[in-house]
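Participant: Please construct the entire structure, taking both the sequences and the accompanying hints into account.
This is what each chain is made of:
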Amino acid sequence: MMTKKEILSKLGISEINKGVTTGTEWFDTEGSTTASLSPIDGNLIAEVKNGTLEDYEMIVNKAQEAFKVWRMTPAPVRAEVVRQIGLALREYKEPLGALVTLEMGKIYQEGLGEVQEMIDICDFAVGQARTMNGVNLQSERNKHRLTEQYQPLGIVGIVTSFNFPVAVWAWNSALAITAGDVVIWKPSSKTPLTALATMNIIRDVLKKHNVPEGVFNMIVAKSSVMGDNFLKDKRIDLVSLTGSTAVGKRAGQLVGKRLGKTILELGGNNAVIVTPNADMQLAVSSTVFGTVGTAGQRCTSTRRIIIHEDVYNEFVEKFVHAYESVKTKIGNPLDEKTLVGPLIDHFSVDLFKNAVEQVEAEGGKVLFGGQVLDGPGYESGNYVVPTIAEAQNHFKIVQEETFAPIVYLIKYTGDVENAIAINNDVPQGLSSAIFTRDLLEAETFLSGMGSDCGIANVNAGTSGAEIGGAFGGEKDTGGGRESGSDAWKAYMRRQTSTINYSHDLPLAQGIEFKF
Amino acid sequence: MEINRDITIEELIEKYPFSVQYLSKKGIRCIVCGEPIWGTLEEACEEKDFTPEQIDEVLVELNELYKQNKNKKDDDKKRNIIETRHLGD
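Those protein sequence lines, which keep their order, are chains Z and S. Residue numbering for the first sequence follows this note's numbering, starting at 1 and increasing by one per position. Residue numbering for the second sequence follows this note's numbering, starting at 1001 and increasing by one per position.
There could be a bad hint or two in this list.
[To be verified] Pairs of lysine-lysine, DSS-like flavour, derived with a Cα cap of 25 Å: (1) Z/Lys-249 x Z/Lys-475; (2) S/Lys-1025 x Z/Lys-353; (3) Z/Lys-234 x Z/Lys-396; (4) Z/Lys-249 x S/Lys-1067; (5) S/Lys-1026 x Z/Lys-353; (6) Z/Lys-234 x Z/Lys-261; (7) Z/Lys-249 x Z/Lys-222; (8) Z/Lys-337 x Z/Lys-4; (9) Z/Lys-232 x S/Lys-1048; (10) Z/Lys-249 x S/Lys-1078; (11) Z/Lys-396 x S/Lys-1026; (12) Z/Lys-353 x S/Lys-1015; (13) Z/Lys-4 x Z/Lys-18; (14) S/Lys-1015 x Z/Lys-222; (15) S/Lys-1015 x Z/Lys-18; (16) S/Lys-1015 x Z/Lys-396; (17) Z/Lys-62 x Z/Lys-232.
It is worth saying that the hints were derived from the structure and are not from the lab. In this text, all values refer to a predicted model and were calculated from it rather than measured experimentally.
Facilitator: Written out as structure tokens, the structure is:
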């Protein structure tokens, strides 16, 4: 494993860094600095100078100018830049993955996985470049052609969260850039260094391909500089925001007020259903990754397990046993033996403790975990023991998303429809899963009367989505879709055209209009 | 007043971390999904249907907490100096 110094050196991170770039040019700013502390030990990694309102204006102006050039660059040429970015990311996969771990706290394997997601979406976008197609439709008029095409949209504002500090930028940027848009990235103030490192990695590619300054922009800034003003700014054609439902609702209102576009990827309250027909070992193994992976700080982390009463005791016994093993592997996420790293900061630890207290206060029972670890190796105070609690779905704490490794066990009786009703009875609708070998149960779960989530899996957990599928959820999760499938359409403007290749002027619907 | 109604929640958390626990007891979650919510303290209170009087009360109590925290820090600093002197002696 590389040392901290080696990781930072390879990625061009200094003690104090500039936090504003238009692609290859970096700008010194007058703003305050953001100190990036590692959740691993609480120590300072490096500092970043925040952008100011003047910097924001400069970036938006630059982006507007760049868009004029970029939108007319052929899509496959744009995608060649994205392909080269994918290659550069392959080259820097280890140091960037390690920095993700150092700054965010997810285990090194997941840090590498995050960079792999970036690479995967670049590859996906390259293929997509030649298939961003419209359709030709039959015209009702003689010698007329009706066609639909997709045009570049403009400036895409990307707000990312600490838990996937760079992958979410890649999901959005790879598609947006290929679509002919330009991007302005506001990374999380908790993980600015991974953003800086990413921009450093792509700098040479942009230079080599003469990508105009202003196509790839990034500003490290507080919400007082890039907050409501960013959302209200008419020059930002699309705001793609990953974060909490609270922030998403605010964004939805402010962007909606100016009739701008949004992609909102917000909170989840994801459930796994375990029916009497489940492969129990598969259900346990898969669900453990869903509950404790990334220390329960994924949007798709499993928050609830809905278990049939006939297999409840068997599942719980196996599940608790698995947790006993996991408990021995909590620690420094850079250590390859570790399975659970720290929470992002002490605020998250407080929220974890509050949730444990609250579930008990509401009548639940903690079966495992609930403690905050201390002693050697845990000095930062950010390490907690993943927690299993028996609860009722209607508990207030169960209805909320707690960004920590706490999972609630809920018993159901009768048919799978009862489990699906519990699955759907929360405000959020991101991810869901069922473990069953019964075709009827599986198909019911996937039917119109089934899961109401954006993601519904069978015999696979709630987290760990591939980039090939559209990613996002319904209800309080926001309704947006990122990444694969036809998510690219959100980054483009749809245009319907009628072409008259006759000398006549027949009007639609047979309207006569003589003058 | 040190803490006013126009302070953003992000700044409040950064400068006055004790506010998180206090506001949580008032039903305001400052941090969701590990990130601070956007907007000002006043907006966060209004979101929870606080009356103007209740918002004033929040401000008074937060500033009182700030004073208590500041005094405690000053006391700790003084104690540290005294202990260091003892060690020096």
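Participant: Okay, which hints does this one fail, numbers in order?
Facilitator: Violated hints (numbers, rising): 3, 4, 10 and 16; every other hint is consistent with the structure.
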